[in-house]
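Visitor: Got chain A; can you put chains B, C and D on it based on the hints?
Residue numbers (UniProt numbering), protein chains in the order written: chain A, 1 to 418; chain B, 1 to 418; chain C, 1 to 418; chain D, 1 to 418.
Errors might be hidden in some of the hints.
Label pairs and their calculated CB-CB ranges [said to hold, decoys possible]:
hint: 1; chain 1: A; residue 1: Gln238; chain 2: D; residue 2: Gly198; range: 32 to 38 Å
hint: 2; chain 1: B; residue 1: Val259; chain 2: A; residue 2: Asn110; range: 32 to 38 Å
hint: 3; chain 1: D; residue 1: Arg207; chain 2: A; residue 2: Pro404; range: 30 to 36 Å
hint: 4; chain 1: A; residue 1: Leu106; chain 2: D; residue 2: Ala184; range: 54 to 60 Å
hint: 5; chain 1: A; residue 1: Asp248; chain 2: C; residue 2: Glu265; range: 25 to 31 Å
No farther apart than 20 Å at their CA atoms in a straight line, the calculated lysine to any residue pairs in the SDA-like style are these [unchecked claim]:
hint: 6; chain 1: A; residue 1: Lys87; chain 2: B; residue 2: Ser160
hint: 7; chain 1: D; residue 1: Lys87; chain 2: A; residue 2: Ala132
hint: 8; chain 1: B; residue 1: Lys87; chain 2: A; residue 2: Gln159
hint: 9; chain 1: C; residue 1: Lys87; chain 2: B; residue 2: Glu181
hint: 10; chain 1: C; residue 1: Lys87; chain 2: C; residue 2: Tyr372
hint: 11; chain 1: B; residue 1: Lys87; chain 2: C; residue 2: Ala239
hint: 12; chain 1: C; residue 1: Lys87; chain 2: D; residue 2: Ala158
hint: 13; chain 1: A; residue 1: Lys87; chain 2: A; residue 2: Gly367
Heads up, incomplete: computed chain B residues facing chain A, CB under 8 Å, no partners named [to be verified]:
hint: 14; residue: Glu30
hint: 15; residue: Leu76
hint: 16; residue: Arg98
hint: 17; residue: Pro164
Derived by calculation from the structure, the hints in this document are not laboratory data.
The C-beta atom is built at its ideal place from N, Cα and C for all residues, glycine as well.
4 protein chains.
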Amino acid sequence: MLMNDPGLWVARYQAVRDRTLALAAPLSAEDCGAQSMPDASPVKWHLAHTTWFFETFILEPMEPGFAPFHPAFRVLFNSYYNGVGDKHPRPQRGLLTRPSLDEVRLYRANVDARVATLIGSVRENAVRERLAALLTLGLQHEQQHQELILTDVKHLLAQSALWPAYLAQPLPAAAPAPALEWIACEGGIVIIGHEGDGFCFDNELPRHRQFVEPFALASRLVTNGEYLAFVEAGGYEQAALWLAEGWDWVCAQSLRRPVYWQQDEDGSWFEFTLGGLQPLDLQRPVTHVSLFEADAYAHWAGGRLPTEAEWEHAARLHGTAPGTPPRLPHPGEVSGEEGTLRQLFGHCWQWTSSSYGPYPGYRTATGAIGEYNGKFMVNQYVLRGSSCATPGGHTRASYRNFFPAGARWQFTGIRLAR
Amino acid sequence: MLMNDPGLWVARYQAVRDRTLALAAPLSAEDCGAQSMPDASPVKWHLAHTTWFFETFILEPMEPGFAPFHPAFRVLFNSYYNGVGDKHPRPQRGLLTRPSLDEVRLYRANVDARVATLIGSVRENAVRERLAALLTLGLQHEQQHQELILTDVKHLLAQSALWPAYLAQPLPAAAPAPALEWIACEGGIVIIGHEGDGFCFDNELPRHRQFVEPFALASRLVTNGEYLAFVEAGGYEQAALWLAEGWDWVCAQSLRRPVYWQQDEDGSWFEFTLGGLQPLDLQRPVTHVSLFEADAYAHWAGGRLPTEAEWEHAARLHGTAPGTPPRLPHPGEVSGEEGTLRQLFGHCWQWTSSSYGPYPGYRTATGAIGEYNGKFMVNQYVLRGSSCATPGGHTRASYRNFFPAGARWQFTGIRLAR
Amino acid sequence: MLMNDPGLWVARYQAVRDRTLALAAPLSAEDCGAQSMPDASPVKWHLAHTTWFFETFILEPMEPGFAPFHPAFRVLFNSYYNGVGDKHPRPQRGLLTRPSLDEVRLYRANVDARVATLIGSVRENAVRERLAALLTLGLQHEQQHQELILTDVKHLLAQSALWPAYLAQPLPAAAPAPALEWIACEGGIVIIGHEGDGFCFDNELPRHRQFVEPFALASRLVTNGEYLAFVEAGGYEQAALWLAEGWDWVCAQSLRRPVYWQQDEDGSWFEFTLGGLQPLDLQRPVTHVSLFEADAYAHWAGGRLPTEAEWEHAARLHGTAPGTPPRLPHPGEVSGEEGTLRQLFGHCWQWTSSSYGPYPGYRTATGAIGEYNGKFMVNQYVLRGSSCATPGGHTRASYRNFFPAGARWQFTGIRLAR
Amino acid sequence: MLMNDPGLWVARYQAVRDRTLALAAPLSAEDCGAQSMPDASPVKWHLAHTTWFFETFILEPMEPGFAPFHPAFRVLFNSYYNGVGDKHPRPQRGLLTRPSLDEVRLYRANVDARVATLIGSVRENAVRERLAALLTLGLQHEQQHQELILTDVKHLLAQSALWPAYLAQPLPAAAPAPALEWIACEGGIVIIGHEGDGFCFDNELPRHRQFVEPFALASRLVTNGEYLAFVEAGGYEQAALWLAEGWDWVCAQSLRRPVYWQQDEDGSWFEFTLGGLQPLDLQRPVTHVSLFEADAYAHWAGGRLPTEAEWEHAARLHGTAPGTPPRLPHPGEVSGEEGTLRQLFGHCWQWTSSSYGPYPGYRTATGAIGEYNGKFMVNQYVLRGSSCATPGGHTRASYRNFFPAGARWQFTGIRLAR
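If we strip away everything but chain A, and leave its shape as in the complex, we get (with noise of 0.2 Å):
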C-alpha cells in the first residue's frame, strides 16, 4: 500500500471523518450524549473515540513533538485496549458529559488538521508505508462505528414512549419479495479467506483451504411475513425448537417477538425503525434477531444457518455487486440487485453457525493494536455479508462480523440453509 499521492490520502480521510459528523448532525447534542445500555455507546463517544484512534495509534508515534490533545482522554475514549493505559468503564459512558459534544468536535478538527499535515510531511517510504496501512485502518475502524453510530441511536431512540424518528422520512412500501429458491453449491476443498491486495481484517487471513459438504443457500433472506408465521404458530412458546441457553433466553426476559416489533390493541404490528414507528412490511426482510432467535426459526422452517466457509464459497460464486443503498437505513431498500444469491450486502447480516474463531496460521499484530480482533475469539458467532447501515463500499466476501448469540440490536438477519 504505498502513499504516491498524499493529497490523495488526505481527501480519503477527509470524507471517512466527514460521513461520520453527517450521521451525527441529525442527532442533538443531548441525543448524542445517552448510553441505552453497556453494549452500546453514545455518538459522542464513538466521535472522540475513532478520533482518540487515529492520535493514539498514529499521531503520538509519528507526530514531531507529539502532544495529547488532552491528557484525560487517553482514558475516556479508549475502548478495550488494555496495552495503551486505563480506561473509562464501558457502562458509564453516558455519564461523560463533558467534555461537550461541542469540544469533541474541536478534538476532531484538532486530530483531523494533525494527520493531515503528518500525511504531506512523510518522506521516507517505510514510514509512509506504515502511515498508509495505519491510516487505512484506522479508516476501516471508523467506518465499523459509523454503523454502530446507527444502531446505536437505534436502540437509544427506542427507549422512548414517543418513538423519535432519527431521520423523519417516510418508508415507502417494498416490493414484494420473490419466491424463495435454494442455490445448491457443489462441495469439496474451498479457499476461503482475504484474497488480493486490498484491505482486509487480519482475522480474513490466512487464505486457507476447507472441506465442505454439498450445500444449498436460499436465494434471499427471511422476510417480516415469513418470520410472522413463526411467530404466530407459537414459535417462542415451544421449547424444542430452541438451543437450551437460547431457551433460557426467552424464558427470562418472557420473549414473544423481535426485540423492535410491537402489537397494538388490535392486533395489527408495527416496526420501530430509524424513521420512527412503522407498519410491519411482511416483504422485507427480518431483523434484529439473536442468533437464538434466527436458529430457533430455521429449525421450524426445516432449514439450518449456513457455515462461513459455506456462506464465503456461495457469495464467490453466485453473489453479485449490491445495489445502492438507502438513504434511510433500513433493510429491503437497496434497488438494482441482480443476480441469483441476492441480498448478500446492504441489507442484514446474516447470522452463521460458525463460532468467531482464528483461521489456522492466524497471527495478531504486536503491540495494543493486535487487540483489535483476537481476543474476542470466543463465545462469539459468525456474521457474514453487510447491513443497510454498513458504509457504501466496504463490503466484502471474505468480511467477518461477529457478535455474541443474544445481540439484538444490530441489523441483523437470516439466510437459511440446507
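Guide: Here is chains B, C and D on its own, set in the frame of chain A:
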C-alpha cells in the same frame, strides 16, 4: 391560607420557578440529560417533573377545558404517583433525550402561563383556598427538587476524571471551627411537630407529646478534621464500631472514606465540591456521610446520634436564625450565625437515630397527592435541619427529611448527642 | 443470679439441651444438613452453633486447661461474632456435610459433660455469678435457636413437591374465633422495659418512660378468614394499600398470598404446616406474613399496627397467662387462654410499627458477647409476644423480637390497633 | 445391536448400576444430599436421575402395565428434558432431603428388577433391538454421571475448611514427566467422527471429511510444574495473554491460580484432591483449568490449543491403548501407557479451540431423547480424550465432551499444539 392578592401569588410562584431555571443555567443540555445512578435524576427530568406536578395536580382538576401539553409527558415525568397511572422506569430517566431541554423549557413556560391565568381567574373562595394550598405544596415540592438538582448534578460531575466544577469559583478557607461544647437539655414531656399557620408537610403533624430523657447535643457539627482522625485511626476497618448491616456495606464496597474524599499519592486529602476538586478543609463540617458512617463515628467518638425528638426540642430551645447562605453550596460557608446551638440549618442535614414513621394520629391526604410522604415510612431514617443546598427560607425545626441508611449523595452530616 | 445449687443448674442446663435434640429427632441426617435460603440455617448447624456458644463464651474463658473440641469448629459454627474471628460464609452452611450429624451429637455431649463438670467445680462467688449469668444467656440463646429450628425446617420442607410433614399428625379444626373487640387503653406516661430480677436481654433495658396517646388494641389476632377476604378483595393488586417498598416487593415477586398458602385448581385453599399440607382453617390466626403484608392489611381494614410501647403497656394491663402450647407447633392451637386481650403469647409474633432501636441509655456488653443485639438495630422491625414455636416459659411482656420488613418464614401475625 | 443373550445384558446392566452405588459408598447420606453450586448436583440426585432415565425412556414405553415408582419423581429427577414435562429447579436440587438416600436406593433396586424382567421378557426382534439401543444409551448416560459424581463431590468437599478426603488414601509421588516432544502430523483431508458398529453418541456422527493444515501436538499434557512457572511469571496479571472475556473473568473473581491450588504462608503449594489436601506434585498434569486458563497458558508458552479435528486425527494415528486407571481418581496416576502421543485418555479432558457444534448432516433423535446433545451446541467448547474419573472402557478417539469456557470443576487439562 387565603389568596387575597392573586398578583402576589403569581409573583411568588414565578420566583420559585425562575430559581429552578437559574440553578440549571451553568449546565449544558448534555449535563442536564444524564443520570448517574437510579437514586439521582437528570436535571432536565427535575425541570419537567416539577412542571408535571403543577399540570397534574392543579391544571388538570381546575383549569377549564384542560388539555395536556403533551399526552406522553403524563407517563414520562410521573415520579412515583401510582394513583396517576404508569411511570417511565426510574433507572432510565437518563435515556429521555427527547423531549429536549429546550422543549422542557417551553413546557415550563406553557404551564407557568396557564397557572398564572388560573390564579387570576379563580373567584370562589373555597376554590381559591384549594388552589392556594396546592400552589404552596407545589412550590415546596419544587424547592425540594432544587436541592436535588444540586446533589444529583454533583454526583454526576464526580463520575468524570475531568472533575468539572458546577461553578468555577474558589472556596475560601473556613474560619477555625469553635471548640465543641455540650448543650444540656432537661428531659420530660416535650411537644413535637409543626406549630402555627405556616406551611408544613403532612409528616410534621399532628403536633403531639413525647417523653424525653435528659440529654445533651453538640454545639456544632463534626468537622472534616475530626472525621479524618476517625479515618486515620482505622475506623473503616473495625467491625466493632459498625452496625452489622453497615459493616456488610463497608466490606462489600471496600469503603475507606466519605464518598467525595480522595487522597493523592503523597497523602494529601482532597474533596470534590460543586466548585471542583479542592483541598480538604479540616475546619468545615464533614458531609456526604451515610447513617452507617455517622453511627460508627459517633460510636468511636463516645457519643451517639440524637433522636429526632431531641433534635427538634433542642432546636426550639437553643436554635438561632440561620445566617446568610453561600453562593457556592458547600457546608461551612454560612456567615452571621449566632446562638449556642450552631449549624442547625444551612450546612448539612443531620442524621438522627429515628426511623421515619408516622406521628400518632397521622393521616395522609386522599388521592394521588396522599402518596407524597406516607408510603415511604419504612426502612428510612430521619434527617433534621437543612443543608447548604436547601433553598433559603425553607427551614423549620419540625421539618423531617428522610433517606435510607446507606445514602451518601446528599449533603448529610453528623451532630453528636449523649 | 446466684448459683446455690449446682445440681439444679446442671439439670436445668441439660433439660434445655435435651429439648433441642428432641426437636431434631423426627428428622433425618439429610433433613438436618440442608439450608433452604441464606436467612435460614441447617438444623445441624443450629445444633453445633448453640454448642459453640457454650464452648466459646463459657468453657474457653473458665475451664482450666481448655482445649477446643475441634479447632476448625471455631470458624465453622461462629454465626456473626466478629470479635471471635473468622466465620464460615452464611449462605454456605448447607455445604458443611462434615462434620456429620453424629459428630455434632458427640460435640454436644462432650461440651455438655465439660459444662456440667465446670458447674460443679466453681467455688468462688464472683466466678459463680459470672458463670450463672453466662449459662442463663446461653440457654436463652439455645431456646431462640429451638424456635429457628422449627421455622427453618418448615421452610426447607416447603421446597419439595412432596410436601413432607415434620410431624405426621392431624391438625384439628380450630374453635370459632371470637368476635373482634377493641380494648381501649388510656394514654399518658407509661413505663417500658424489663422489670424485676429475672433474666432479660440487654435490648429490653433500661426500663424507661414513654408518652403514649390513648389507643385501642384488637382483642385477638387477625384470622385466616379475615386475611382471605383481603386477598380476595384484590389486596395484593392495589398499590395504594402498600408502603412503597412493600409494593416493589410484591411486584418483583408477583406475590398474591401468604408464603405457605396455596390454592388448587378448583379454588380450595390449603396451608403448608409442620403437619404437612392442610386445608386452610379460617378460624386460626393468619401467620407467615411480612410487615409489608401486615401493614397493607391493616390499611385495608381501617386500622394500623401498634407501636411496641402500646403493645407492651396493654399486655401488662390486660394480658393473661398463656395457655398450654400445642404438640404440633401451629397458631390457634393453644387451649386454656383467659383474659380480655388474647393470643398475646404462643400463637404468632406480632408485627409492630416500631423500628428496632436502642432504649434511652442502652449499653451493650463489652467483648464479643456485646454483638448479641445492639449491632442489629437498623432496618429491622420489632415483633412482640411469642409464637407457637417459642419454648414454653420463654415469654414476657418486654421481650423484643426483630426481623426485616420482608421476612415471612417466622410465625408472624397481625394484631390491629387504632 | 442384537440382544441374543438377555442374561448377558442383565449382567452388563447390573455391573454399571452397581459401580454407581460403589462410587457413593464412601459417602454419608449428608455428603450425598448437598449441592455446592448450580452446575453441580448432589450425589443422591445423580443416583435418582440415572434411574429416572431408565424408568422414563425404557419402562414407561415398554413395560406392560407401567406405573411410576412415585409420581412426583417424574418432576424431581428430570434434568433438562422439556419434552417430558416440568422439572424441579436445578439450583435447588440440594434441598430435596426427601426422598432419603435409602429411598433412592429402593427406587434403584425397584427399577433394576423391572428392567431385568423386561430384558428377559421381550421376544420380538424389533423391540429387542430398540431395547438394546436404549439400554446402551442409558448405561453410557449412567457412566457419564459416574464421572460427574466424582467431580461434583470433589467440588463439595472443597467448600469445607476441614478439607475432607473422599478416599483417605495416599497419593504417591509421580514419576518424572518425560521431556515434551512435538509429534508432527501431515495435513490434508482427514476423516472425522465415529467409525464402526460400536456405540457412540449422536454428536459423533455423521462421519465426515475435514481439511487440516500440517500441525504438531505435544507428546504429553502440560504439568503442574510448567503451569506453576506461568503462575509465578505473573500469568494471571497480564491482560495481553488472555481472551477479553477470560480477562474479565480473571478480574471479576481476582483469580491467581487453578481452582484447587493453595499456597500456605511459607510459600509451599498444595492441591486439593479426592484424597484430601496434598503437596502439589510438579510432575503430574495440571488439571481443573478453564478454557480461558488453558488458552492463556498456551499463548504464554508460545503454542496454541488444538482443534478437535487435529486432536482426533492425531489420536487415531499416534494414540495407544490407555493404561491401568488409578484407584484414587487423579491425573498422572495411570501406569502402563505406551506410544508416542501419551496421556490421551485417563488423565485429563483436553480443551480444544473448537466450539461445540453439529457435524455436517447432524440429526437429533425424535422425541425427548433428542434433547440429549443437540440443544447444547452453542457457547460451549469441545474437550477430547478422557479423564482419571472417566469409567474404564468408555474412551474413544471420536468422543466429544463439552463445557463452557469458564468451567473448572471437571478434570480438565492442557495439551499444546502448534
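Visitor: With reference to the structure, classify each hint as holding or not holding.
Guide: Hints and how they fare:
About 35 Å separates the C-beta atoms of Gln238 of chain A and Gly198 of chain D, a value consistent with the hinted range of 32 to 38 Å. Judged by the Cβ atoms, the range 32 to 38 Å given for Val259 of chain B and Asn110 of chain A holds: they are separated by roughly 35 Å. In this structure, Arg207 of chain D and Pro404 of chain A meet the distance hint of 30 to 36 Å, their C-beta atoms being roughly 32 Å apart. At about 58 Å, the beta-carbon gap between Leu106 of chain A and Ala184 of chain D stays in the expected band of 54 to 60 Å.
A beta carbon spacing of about 28 Å between Asp248 of chain A and Glu265 of chain C agrees with the range 25 to 31 Å that was offered as a hint. Between Lys87 of chain A and Ser160 of chain B the alpha-carbon distance is near 12 Å, which keeps this suggested pair within the 20 Å criterion. Of the supplied pair hints, the one linking Lys87 of chain D and Ala132 of chain A is violated, its CA atoms being roughly 60 Å apart against a limit of 20 Å. Restraint check for Lys87 of chain B and Gln159 of chain A: the C-alpha separation of about 13 Å stays at or below 20 Å, so the hint holds.
With a CA separation close to 42 Å, the supplied pair Lys87 of chain C and Glu181 of chain B exceeds the 20 Å bound. Taking the CA atoms of Lys87 of chain C and Tyr372 of chain C, the gap is about 15 Å. The hint holds against a cut of 20 Å. Our distance criterion of 20 Å between C-alpha atoms is met by Lys87 of chain B and Ala239 of chain C, whose separation comes to about 13 Å. Restraint check for Lys87 of chain C and Ala158 of chain D: satisfied, since their Cα atoms lie roughly 16 Å apart, inside the 20 Å limit.
A threshold of 20 Å between alpha carbons decides the hint, and for Lys87 of chain A with Gly367 of chain A the separation of about 17 Å falls inside it, so the pair holds. Annotation: interface hint on Glu30 of chain B holds; nearest CB of chain A at approximately 4 Å, less than 8 Å. Because the beta carbon of Leu76 of chain B sits about 7 Å from the nearest beta carbon in chain A, less than 8 Å, this interface hint is met. Given the 8 Å rule on beta carbons, the hint for Arg98 of chain B holds: about 5 Å separates it from the nearest Cβ of chain A.
Taken as an interface hint, Pro164 of chain B checks out: its beta carbon lies about 5 Å from the nearest beta carbon of chain A, inside 8 Å.
Comparing the model with each numbered hint stated earlier shows that hints 7 and 9 do not hold.
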